[in-house]
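K.L.:
Let chain X serve as the given structure and place chain Y on it in line with the hints.
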Amino acid sequence: MGASLQIQNLRVAVGEQSLLAGVNLRLAPGEVYVLLGPNGAGKSTLARTLAGDESLRVTADKFCLNDQDLLPMTANERALAGVFVSWQNPPAITGVTVANLIRISREQLGLAASPWETRRDLLETLKVVGLDGSYADREFNVGFSGGERKKLELAQLLSLAPQLAVLDELDSGLDADAIKILAENLERVRDTQVTMLVITHRTELVKKLRCDRAGVMIRGQIVYEGDQNVIEEIEKDGYTKYFSSKYDSTADR
Amino acid sequence: MTPRPTDKLDRLLVEELSARHGEPDWMRQVRLQAWEKYQSLSYPTWGPDVSGLDMDKIVPYIQPESQMATSWEQVPPDVRQSFAELGIPQAEEQLLAGVAAQYDSEVVYHRTQEMAAEQGVVFTDLTAALHGEYEPMIRQYFAKLVTPGEHKWAALHTAVWSGGTFVYVPPGVQTALPLQAYYLLNARGAGQFEHTLIIVDEGASLHFIEGCSAPRYNVAALHAGAVEIFVGKSAKIRYSTVENWSRNMYNLNTKKAQAAAGASVEWVSGSFGSMVTELYPATILAGAGAKMSYHGVTLAGSGQNLDTGVKVVARAPQTACTITAQSLADGDGVSTFRASIAMTPEATGSRASIDCQSWQLADQSRSDSIPVLDIRAPQVDVGYEACVGTLDEGIIAYLGSRGLEREQARLALVNGVVDGFAKQLPLEYAVEMANLVTSQMKKANAKN
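So the sequences go chain by chain: X and Y. Take the first sequence: its position 182, counted from the start at 1, is 181 in numbering that gives the first Met the number 0, and no numbers get skipped. Take the second sequence: its position 115, counted from the start at 1, is 114 in numbering that gives the first Met the number 0, and no numbers get skipped.
A hint or two may mislead.
[Stated by the list, open to error] Each pair of labels, with its calculated beta carbon distance range:
id, chain 1, residue 1, chain 2, residue 2, range
1, Y, Gln363, X, Thr191, 43 to 49 Å
2, Y, Met114, X, Thr191, 54 to 60 Å
3, X, Ser171, Y, Ile369, 42 to 48 Å
4, X, Lys240, Y, Gln363, 54 to 60 Å
5, X, Asp60, Y, Ile369, 52 to 58 Å
6, X, Ser171, Y, Thr343, 53 to 59 Å
7, X, Thr191, Y, Asp380, 56 to 62 Å
8, Y, Arg246, X, Gln16, 45 to 51 Å
9, X, Glu123, Y, Asp373, 42 to 48 Å
10, X, Ala91, Y, Val387, 15 to 21 Å
11, Y, Asp354, X, Ala111, 33 to 39 Å
12, Y, Arg405, X, Ser144, 28 to 34 Å
[Said to hold, decoys possible] Computed list of lysine to any residue pairs in SDA-like fashion (alpha-carbon distance at most 25 Å, straight line):
id, chain 1, residue 1, chain 2, residue 2
13, Y, Lys151, Y, Val333
14, Y, Lys422, X, Glu138
15, Y, Lys7, Y, Val49
16, Y, Lys422, X, Val141
17, Y, Lys422, X, Pro90
18, Y, Lys422, X, Asp52
19, Y, Lys310, Y, Gly348
20, Y, Lys422, X, Ile103
21, Y, Lys422, X, Gly225
22, X, Lys126, X, Ser113
23, X, Lys207, X, Gly146
24, Y, Lys422, X, Ala98
25, Y, Lys422, X, Gly142
26, Y, Lys422, X, Lys207
27, Y, Lys422, X, Ala91
28, Y, Lys422, X, Gly94
29, Y, Lys290, Y, Tyr140
30, Y, Lys422, X, Gly146
31, Y, Lys422, X, Lys240
32, X, Lys240, X, Gly225
33, X, Lys126, X, Phe143
34, Y, Lys422, X, Gly172
35, Y, Lys422, X, Ser113
36, X, Lys235, X, Gly172
37, Y, Lys422, X, Lys235
38, X, Lys207, X, Glu183
39, Y, Lys422, X, Thr117
40, Y, Lys422, X, Glu106
Just so you know, these hints were derived from the structure itself, not from any lab. Glycine included, C-beta positions come from ideal geometry on N, C-alpha and C.
The following block holds chain X by itself, in its conformation from the complex:
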């Protein structure tokens, strides 16, 4: 079952530079929310903030998963609370195999099974996301293409059974076939009632994914929220209109 997310007046900065300028967002349990926005709007900053990136200076009136305040929690505490964030640029980790990392993560999250079951589940998951079984014993992301790294992020989402999945541009670097596989898998995750925040600046994926609501982020704020039609409008007209003062409170009037 998914968790609710409540964010009120979230402000994030690095040094003197403001990255998020008062984000408000509420997700109901099991809701799929697509967050769109042009490059540099602050979408990935929101993902990093939810992940617990310690390099960010964060304040908020409310920042809760269910009724649990996320602000004082470290990254791993948030993961244990049920937050999964797929990284836009997941790192390569020398000497640590895919199988080992996913096994350790599952153990940490209380999902430990017998070694045989863990292995079997992983091989199935890799197959589902379009990676063959040999990837299980390869070093994590070492020598992987951008697309393969994204597939491995998806495999972790499927393996780690979170309550809130924050997917930061999981569709970037994927070809058309891979995006189709991604959309199918996200539909499966959706069916398990996981709450999802899908961040992207492209529309190919979200056109294939049934979303409950969509929002547009401009200059560190969510300036508009609507239904799936927002995605079609953006595909047709781009983001230009959202920079106007009608939507963006920081725009010149």
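P.N.:
Just chain Y, lined up with the frame of chain X:
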């Protein structure tokens, strides 16, 4: 019978050790000459500080209560328990062709599995071998590689050595399972000076594993062992060490191998324990086409200064050596890796590659890589690569987002670094390695 420490380091002790073991006169002479050398040599002026080692307080010989046994039942329960805690008897059953176990100054257990014995493999304690048919062979080879003149610790070792192992693998014999010697130094403030002499005859092969540990006391202890390995034409040896001395130990050990034409020497070396270590396995590539490889990992935690490395002297054509080292320092530990490669004019067409990765795991730690290349041969190919790294905070953050606590994430990364080394060991030892790394990281962080 209670242990009888022989606590004064002097010429009389050297004489007494020789007499106690009923040694042939030539060995007595070797000891006495080495004692003179020890007196005349100065302490090395480089490397870690060993001023905390007060030789007047080191007990150089402690006879254990036990006589040498060939079954664990014959070993006194407390000694047996010490080895059982290290998993030695269990490992012997499953994956070793023979085991030697030294407790303080003498070997207390020695057994060779039937299969290895039937192949003619000789695996016995060195003192006993001095009284048997291999005495002429020992005389031919003893202290010929690790000579007393090499440095002060080698001289001391040769003068007061006790215990250790003699291995002879006859021509053409391929030993299927490894032999293992385990050294446990139990007595307070003691010195251990075991001597390992291995001769692998033409075309034969051997994997020898050495393990070391000691309980911790609040006074300094000294390990100054020596290993001499003679590898015949086209013969092979892999010498693996997992060293986990306690943090009061000065580990000043000397290891040297000589490879004949077409022979191969592999060193696999893991250094985790001790307060101070100086350990640089050396190989003389004496015959054409001889090869050496070294794969080592050193992890120095808080309060440790581990100075490790490798030496190679190539003095024949077409030799090859490959060195890969991981040198890690955590807490306020210091880890130094030294690589010394010398090629004489005869080493035409030889190759050497050195790849050293140093890791500084904490702000206060220090990790250095020091190469010395002395190349006097034409048409050689010598490569040296070194890099220094820290643990990537971005990766630690990523692992955090996957549920790992910071220390777990650091440990996973360090285990990843060490993993390549562990893969060279039998499975049980790879598990021991992982446990040692975990324990080491915990100790380092406990002091941070």
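K.L.:
Hint by hint, say whether it matches the structure.
P.N.:
A quick look at each hint next to the structure:
1. The hinted range of 43 to 49 Å is satisfied by Gln363(Y) and Thr191(X), whose Cβ atoms lie roughly 47 Å apart.
2. For the pair Met114(Y) and Thr191(X), the supplied restraint of 54 to 60 Å holds, since their beta-carbon distance comes to about 56 Å.
3. Hint check: Ser171(X) to Ile369(Y), Cβ distance near 45 Å, so the stated range 42 to 48 Å holds.
4. Remark: the range hint 54 to 60 Å for Lys240(X) to Gln363(Y) is upheld by a beta-carbon distance near 56 Å.
5. At about 57 Å, the CB distance of Asp60(X) to Ile369(Y) agrees with the hint of 52 to 58 Å.
6. A hinted range of 53 to 59 Å for the beta carbons of Ser171(X) and Thr343(Y) is consistent with their spacing of about 58 Å.
7. Checked against the given bound of 56 to 62 Å, the beta carbons of Thr191(X) and Asp380(Y), roughly 58 Å apart, stay inside it.
8. A hinted range of 45 to 51 Å holds for the C-beta pair Arg246(Y) and Gln16(X), which are about 47 Å apart.
9. A hinted range of 42 to 48 Å is violated for the C-beta pair Glu123(X) and Asp373(Y), which are about 57 Å apart.
10. With their beta carbons about 19 Å apart, Ala91(X) and Val387(Y) fall inside the hinted range of 15 to 21 Å.
11. The hinted window of 33 to 39 Å between Asp354(Y) and Ala111(X) holds, with their beta carbons roughly 37 Å apart.
12. Checked against the hint of 28 to 34 Å, the pair Arg405(Y) and Ser144(X) passes, with Cβ atoms roughly 30 Å apart.
13. With a C-alpha separation of about 23 Å, the suggested pair Lys151(Y) and Val333(Y) falls inside the 25 Å cut-off, and the hint holds.
14. Proximity of Lys422(Y) to Glu138(X) is assessed by CA-CA distance (about 14 Å); at most 25 Å being required, the pair is judged to hold.
15. As the CA atoms of Lys7(Y) and Val49(Y) are separated by approximately 20 Å, the hinted pair is consistent with the 25 Å bound.
16. Proximity of Lys422(Y) to Val141(X) is assessed by CA-CA distance (about 18 Å); at most 25 Å being required, the pair is judged to hold.
17. Our distance criterion of 25 Å between C-alpha atoms is met by Lys422(Y) and Pro90(X), whose separation comes to about 24 Å.
18. With a CA separation close to 34 Å, the supplied pair Lys422(Y) and Asp52(X) exceeds the 25 Å bound.
19. Distance check on the hinted pair: Lys310(Y) and Gly348(Y) sit about 19 Å apart at the alpha-carbon level, within 25 Å; holds.
20. Between the alpha carbons of Lys422(Y) and Ile103(X) the distance comes to roughly 20 Å, so the proposed pair stays at or under 25 Å and holds.
21. Taken as a hint, the Lys422(Y) and Gly225(X) pair is broken in the structure, with Cα atoms around 55 Å apart against an allowance of 25 Å.
22. Note on Lys126(X) and Ser113(X): the hinted pairing holds, with a Cα-Cα distance of about 20 Å set against a maximum of 25 Å.
23. At roughly 18 Å between alpha-carbon atoms, Lys207(X) and Gly146(X) fall within 25 Å of each other, so this suggested pair holds.
24. Between the alpha carbons of Lys422(Y) and Ala98(X) the distance comes to roughly 17 Å, so the proposed pair stays at or under 25 Å and holds.
25. Distance check on the hinted pair: Lys422(Y) and Gly142(X) sit about 21 Å apart at the alpha-carbon level, within 25 Å; holds.
26. For the proposed pair Lys422(Y) and Lys207(X), the alpha carbon gap of about 45 Å is over 25 Å, so the pair is violated.
27. With a C-alpha separation of about 21 Å, the suggested pairing of Lys422(Y) with Ala91(X) holds against the 25 Å cut-off.
28. Proximity of Lys422(Y) to Gly94(X) is assessed by CA-CA distance (about 11 Å); at most 25 Å being required, the pair is judged to hold.
29. For the given pair, Lys290(Y) sits about 21 Å from Tyr140(Y) by alpha-carbon distance, which is consistent with the 25 Å threshold.
30. Between Lys422(Y) and Gly146(X), the direct Cα distance comes to roughly 30 Å. Violation of the 25 Å bound is thereby established for this hinted pair.
31. A threshold of 25 Å between alpha carbons decides the hint, and for Lys422(Y) with Lys240(X) the separation of about 59 Å lies outside it, so the pair is violated.
32. About 15 Å separates the Cα atoms of Lys240(X) and Gly225(X), which keeps this hinted pair within 25 Å; it holds.
33. About 16 Å separates the Cα atoms of Lys126(X) and Phe143(X), which keeps this hinted pair within 25 Å; it holds.
34. Taking the CA atoms of Lys422(Y) and Gly172(X), the gap is near 34 Å; set against the 25 Å cutoff, the hint is violated.
35. Between Lys422(Y) and Ser113(X), the direct Cα distance comes to roughly 23 Å. Compliance with the 25 Å bound is thereby established for this hinted pair.
36. Distance hint between Lys235(X) and Gly172(X) is fulfilled; the C-alpha atoms sit about 22 Å from each other, no more than 25 Å.
37. Proposed proximity of Lys422(Y) and Lys235(X) is contradicted: the alpha carbons are some 56 Å apart, above 25 Å.
38. Distance check on the hinted pair: Lys207(X) and Glu183(X) sit about 8 Å apart at the alpha-carbon level, within 25 Å; holds.
39. A threshold of 25 Å between alpha carbons decides the hint, and for Lys422(Y) with Thr117(X) the separation of about 22 Å falls inside it, so the pair holds.
40. A hinted pair counts as satisfied when its Cα atoms are at most 25 Å apart, and Lys422(Y) with Glu106(X) qualifies at roughly 24 Å.
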